[in-house]
Amino acid sequence: MNKIITFAVFLLSAHIAFGITPDEILSAIDKNRNYGTISYDATMEIHVGDEVRTKTMKTLGRGTEKALAEFTNPQDKGTKYLKINKELWIYFPSEQDVVKISGHMLKEGMMGSDVSYEDALESDALHKKYSAVLTGEENFEGHSCYVLTLDALVKDVPYYKRKMWVDKELFIQWKEEMYAKSGTLLKVSRVLEMKKIGVRHFPTKIEMVNMLRKNTKTVFEMSDIVFDVKVADNVFSLQNLQR
Amino acid sequence: MYSVCKICKGKTLMPFKKIGLIIAILACVSRGETSRETGLIVSGESRNDLVGLESFDKNKPAREQSDFAGANLLTLNLQNANAKSAKIEGSVDFWLLTGAYAEAYRRIDSTSSLIIPGLSSVFIADVRKLYASLFLPFADVSIGRQIISFGQGMVFSPIDVFSSVNILDLTLRRSGSDVARLRVPFGDLAGIDAIAKLTAKSREEAAAIKGYAHVAGFDVAGIGMYQGAQHQAITGITFKGDMVAGVYGELVEHWKQAGQRSFTGILGADYSIENTWYFTGEYLYNEKPETNDTAAQLSILQTTIPLLHHHYGFLMTRYKINDLMNISASAIVDISGKSGVATLQYFYNILQNADVVVYAQYYRSSSEGMLPLPFDQATYGLRVEVAF
Chain A
1 MNKIITFAVF LLSAHIAFGI TPDEILSAID KNRNYGTISY DATMEIHVGD
51 EVRTKTMKTL GRGTEKALAE FTNPQDKGTK YLKINKELWI YFPSEQDVVK
101 ISGHMLKEGM MGSDVSYEDA LESDALHKKY SAVLTGEENF EGHSCYVLTL
151 DALVKDVPYY KRKMWVDKEL FIQWKEEMYA KSGTLLKVSR VLEMKKIGVR
201 HFPTKIEMVN MLRKNTKTVF EMSDIVFDVK VADNVFSLQN LQR
Chain B
1 MYSVCKICKG KTLMPFKKIG LIIAILACVS RGETSRETGL IVSGESRNDL
51 VGLESFDKNK PAREQSDFAG ANLLTLNLQN ANAKSAKIEG SVDFWLLTGA
101 YAEAYRRIDS TSSLIIPGLS SVFIADVRKL YASLFLPFAD VSIGRQIISF
151 GQGMVFSPID VFSSVNILDL TLRRSGSDVA RLRVPFGDLA GIDAIAKLTA
201 KSREEAAAIK GYAHVAGFDV AGIGMYQGAQ HQAITGITFK GDMVAGVYGE
251 LVEHWKQAGQ RSFTGILGAD YSIENTWYFT GEYLYNEKPE TNDTAAQLSI
301 LQTTIPLLHH HYGFLMTRYK INDLMNISAS AIVDISGKSG VATLQYFYNI
351 LQNADVVVYA QYYRSSSEGM LPLPFDQATY GLRVEVAF
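Protein chains in written order, with the numbering used here: chain A, 1 to 243; chain B, 1 to 388.
Just chain A, same shape as in the assembly (with noise of 0.2 Å):
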């Protein structure tokens, strides 16, 4: 019972000291992350060792929830994936072929980078999935942070803990590292760059680490971002994927 008392005490302190909620926090990212469509070219640089290989992509999607991606780089040109909220299907155009993905696969690098399909999935606001704590505040690079902690309320979370470095003002996660339920760090994300586009202020250049694997990184890019573009109703489907 004391053990309650004093959690509560620390968060209504917490409250107090950093005048906003971990939920408004979470609040405020998911907003942030909440656009009707977006239109983006991407360039994929996967670092292994000292070797990098680029891909590069165009990608439209509607809000977290749909997402076409096309390869434009010599090697994968033409294949494309489809994201309808948690499933994930592939067009393989030498072979014609649409390949639904299985649900173990999610956790494999998309198209060999650190970025992994349930990365590239994850559609939900993390305020639904996610208690959050508030720790703290760090200058994390320059940037003012805020830092939470969150716990998976859910079991279909793609990481059970996370920690992220929030920017008091723009409510970016300028940096990110992501735990599995055994407490081991999986991964970290960094922010490289972002840009206001609008009224909006959005990350174009992210740093993904995954520290299972050794020397290996990806920086993923975006450019010519263009928010709440025209798209037609049947984009995310498997029709159009095998156009």
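Watch out, some of these pointers could steer you wrong.
[Said to hold, decoys possible] Straight-line Cα separation of at most 27 Å, DSS-like style, residue types lysine-lysine; simulated pairs:
1. A:K214 / B:K320
2. B:K84 / A:K181
3. B:K84 / A:K230
4. B:K58 / A:K66
It should be emphasised that the hints constitute simulated quantities derived from the structure, not laboratory data. All values derive from a computational prediction rather than experimental measurement.
Starting from the structure of chain A, add chain B where the hints point.
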């Protein structure tokens, strides 16, 4: 020398002058990959194999049991840049076979391919895809040579009678089929796919209709088909979903004249451990084996096998060393016929757009098996792939 490249029929072969003209046209109209919405986008891949062949024919002296071969493949893909409402797509394979592969090919068909004098080489052009599509408001209509992938099987797919898998190809490529196709969507994840085979001979007519949907996390489809050449109707269902492992299958019933029925089915599963080990397995059951007079087509270009027995299997495991390298081992086996092919390969994405593959394949022969070779044979190959 008896090599695997033994028979190659049913391919589209073009005279050399026409091929030269096609290349010239492509060079003129191609604008590369630009943001312009006109012209053609050309891409492709060069795949060059150097292969050592070893046959285990005890009746021959050892020095006659080894040979060398080369298989050089240039694939040119083209597509119109503005493909929003209509699309043309083509994919042409230009093969240059040398050594034992060329000799084996020449033995079978020396008239329709180009044989380069003095080089022991054979030049072949194979059009895998060449079709046009119109994206109408209510349906997509496509006409021409396309790859029709109706089933879920990676190696065995009894429902895929239009585009069969080349089981000797390391990447399990499929052949194209000349069809007219109509695809009508019913929502994002459901629709109808109807196909009619284009053929001059009425007895070879074929048509199929597939209805597909996504139900409770599973991709499911029902298929009806008629094959004039075999005088048979085919009905079947396919599925793919998750039950801890990824599971998929095809259950197919063949309806022949005079009320004869037979069943063919596959069950497959895939699983991975720690994003490092990957496993895929397929089992095929064939209720009514085909007769021995159905010839196998064995070729590095396209291999198709008749189902002469009841039980077939496929197993593959892949170990990922890192994101650039992996090792895989696979076996495709005619269990009843005691015949099959085992493949071991090491893959290295050595440079941006360039791969190196080192591989070995072993063909287990059997007079009645799926690979009717007179003796066992092994190949050891080095492949360089460059995409552009």
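Are K58 (chain B) and K66 (chain A) close enough, with their CA atoms no more than 27 Å apart?
-> violated, 61 Å
Measure nothing beyond the straight line between the CA atoms of K214 (chain A) and K320 (chain B); if it is 27 Å or shorter, mark the hint as holding.
-> holds, 13 Å
Quick one, are K84 (chain B) and K181 (chain A) close enough, alpha carbons at most 27 Å?
-> violated, 46 Å
Restraint check for K84 (chain B) with K230 (chain A), where alpha carbons must lie at most 27 Å apart = OK: K84 (chain B) and K230 (chain A) at ~14 Å, within 27 Å.
Consistency with the previously given hints fails for numbers 2 and 4, ordered from lowest to highest.
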